[in-house]
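Undergrad: Each residue of the sequence shown is one higher than the one before, counting from 1 in full-length UniProt numbering.
Calculated directly from the structure, the hints in this document are not laboratory data.
The beta-carbon is built from N, C-alpha and C at its ideal position, and this holds for glycine as well.
Some hints could be false.
Computed spacing ranges between beta-carbons, pair by pair [unchecked claim]: (1) Gln287 - Leu53: 38 to 46 Å; (2) Asp220 - Ala194: 19 to 27 Å; (3) Gly127 - Pro275: 36 to 44 Å; (4) Gln287 - Ile80: 30 to 38 Å; (5) Asp219 - Asp193: 20 to 28 Å; (6) Leu124 - Ser288: 41 to 49 Å; (7) Ser186 - Arg121: 24 to 32 Å; (8) Pro278 - Gly127: 42 to 50 Å; (9) Thr141 - Glu274: 38 to 46 Å; (10) Lys284 - Leu160: 24 to 32 Å; (11) Gly190 - Asp220: 15 to 23 Å.
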Amino acid sequence: MRFRTLRLLDRIGSSSVPLVAAALLVVGAIAGGEVASTAARNLSYQLVNEDGLPSVDIELAIAVDVSYSVDIDELLVQRIGYAEAIVSKEFLQALNAGPNRRLAVTYFEWSASNDQKIITRWRLIDGLESAEAMAAEIMETPVRQGSRTSISGAINFAMLLFDKDPYRGPRRVVDISGDGANNEGSPVTGARDAALEKGITINGLPIMMKPNSSMMDIDDLDLYYEDCVIGGPGSFVVAVRDRDQLKQAIRTKLILEVAGRTMEHRIIPAVEREPRVPCLIGEKIWQSRSRW
Numbered sequence: 001m002r003f004r005t006l007r008l009l010d011r012i013g014s015s016s017v018p019l020v021a022a023a024l025l026v027v028g029a030i031a032g033g034e035v036a037s038t039a040a041r042n043l044s045y046q047l048v049n050e051d052g053l054p055s056v057d058i059e060l061a062i063a064v065d066v067s068y069s070v071d072i073d074e075l076l077v078q079r080i081g082y083a084e085a086i087v088s089k090e091f092l093q094a095l096n097a098g099p100n101r102r103l104a105v106t107y108f109e110w111s112a113s114n115d116q117k118i119i120t121r122w123r124l125i126d127g128l129e130s131a132e133a134m135a136a137e138i139m140e141t142p143v144r145q146g147s148r149t150s151i152s153g154a155i156n157f158a159m160l161l162f163d164k165d166p167y168r169g170p171r172r173v174v175d176i177s178g179d180g181a182n183n184e185g186s187p188v189t190g191a192r193d194a195a196l197e198k199g200i201t202i203n204g205l206p207i208m209m210k211p212n213s214s215m216m217d218i219d220d221l222d223l224y225y226e227d228c229v230i231g232g233p234g235s236f237v238v239a240v241r242d243r244d245q246l247k248q249a250i251r252t253k254l255i256l257e258v259a260g261r262t263m264e265h266r267i268i269p270a271v272e273r274e275p276r277v278p279c280l281i282g283e284k285i286w287q288s289r290s291r292w
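The whole structure should be built from the sequences, with the hints applied where relevant.
TA: Here it is in structure tokens:
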């Protein structure tokens with residue numbers, strides 16, 4: 001399988017150019033004329049597509065890990081990060097740069113293969129008012145936790161959500177955050193490949209803020225996400241190692257996804273090779289743990 005991955009500031013906070021600055025560069029490029037002019041966008045603006053369904057620039061499913069390995073404080077930071085990101089000026093600028101100037105988005109939380117909870121159903125975001133409504137819904141929902149980590153379950157659930165999406169766009173993207181490898185449900189590579197066959201792109205936000213805090217942790221979770229989880233045109237990973245940078249990472253990733261951009265100087269071509277981290281490592285660790 002060949003696809004391109006993007007690793008943004010592999011060690012967040014270590015670069016002289018923080019993630020938000022990178023996102024601002026993308027927004028600046030949009031505002032500077034690298035997208036169609038306002039007149040051209042007005043000509044291409046469509047309320048509905050050929051099937052009579054409302055047209056959007058992207059269908060985005062946000063999938064957030066709430067397994068017990070993610071503590072309550074981290075869950076709250078993630079919630080705040082997404083809520084703040086979708087109402088930010090930079091995000092709305094990226095949204096307004098698309099030909100339809102609107103997107104469809106749903107937000108759900110996941111843990112085990114049969115444990116997914118929709119926090120916000122498919123919503124049309126076309127400006128600040130609709131973005132604020134979604135942000136409020138995200139923040140008003142009680143925080144919860146679940147057992148096990150099934151990335152494959154999250155991907156499979158996202159595919160079902162796309163089937164029910166009342167909007168249509170040229171891009172379908174699953175935005176997955178998580179702090180561990182798949183350890184329950186079907187193998188993650190099978191779910192990934194099924195999503196890619198449907199034309200769905202998967203991006204990742206591996207959370208690596210507490211290395212070796214439990215026996216289920218793995219080294220190089222970012223490489224695991226790159227080789228075993230993400231895929232599709234322009235797919236990328238934003239690895240988070242610093243708690244203080246989590247909200248910035250979320251904001252940057254959403255801006256890039258909405259803008260449909262990648263930062264070419266950070267793209268690493270995938271080659272035909274064995275994964276650098278075994279894609280069944282989570283299942284093997286869980287099996288070993290169960291024998292203790």
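Undergrad: Look at each hint and say if it fits the structure.
TA: Going down the list of hints, with the structure as the test:
In this structure, glutamine 287 and leucine 53 meet the distance hint of 38 to 46 Å, their C-beta atoms being roughly 45 Å apart. At roughly 25 Å, the beta-carbon separation of aspartate 220 and alanine 194 lies within the given 19 to 27 Å, and the hint holds. The hint said 36 to 44 Å for the Cβ distance between glycine 127 and proline 275, and at roughly 42 Å that hint holds. Evaluation of the 30 to 38 Å hint for glutamine 287 and isoleucine 80 yields a pass: the beta carbon distance comes to about 36 Å.
The hinted range of 20 to 28 Å is satisfied by aspartate 219 and aspartate 193, whose Cβ atoms lie roughly 25 Å apart. For the pair leucine 124 and serine 288, the beta carbons lie near 46 Å from each other, so the given range of 41 to 49 Å is met. In this structure the supplied range 24 to 32 Å holds for serine 186 paired with arginine 121, their Cβ-Cβ distance being about 25 Å. Roughly 45 Å separates the CB atoms of proline 278 and glycine 127, a value that falls within the hinted 42 to 50 Å.
Checked against the hint of 38 to 46 Å, the C-beta distance between threonine 141 and glutamate 274 comes to roughly 41 Å, which is consistent with it. As the Cβ distance of lysine 284 to leucine 160 is approximately 28 Å, the hint placing it in 24 to 32 Å holds. For glycine 190 and aspartate 220, the Cβ-Cβ distance of about 22 Å falls inside the hinted range of 15 to 23 Å, so the restraint holds.
The structure shown violates none of the earlier numbered hints.
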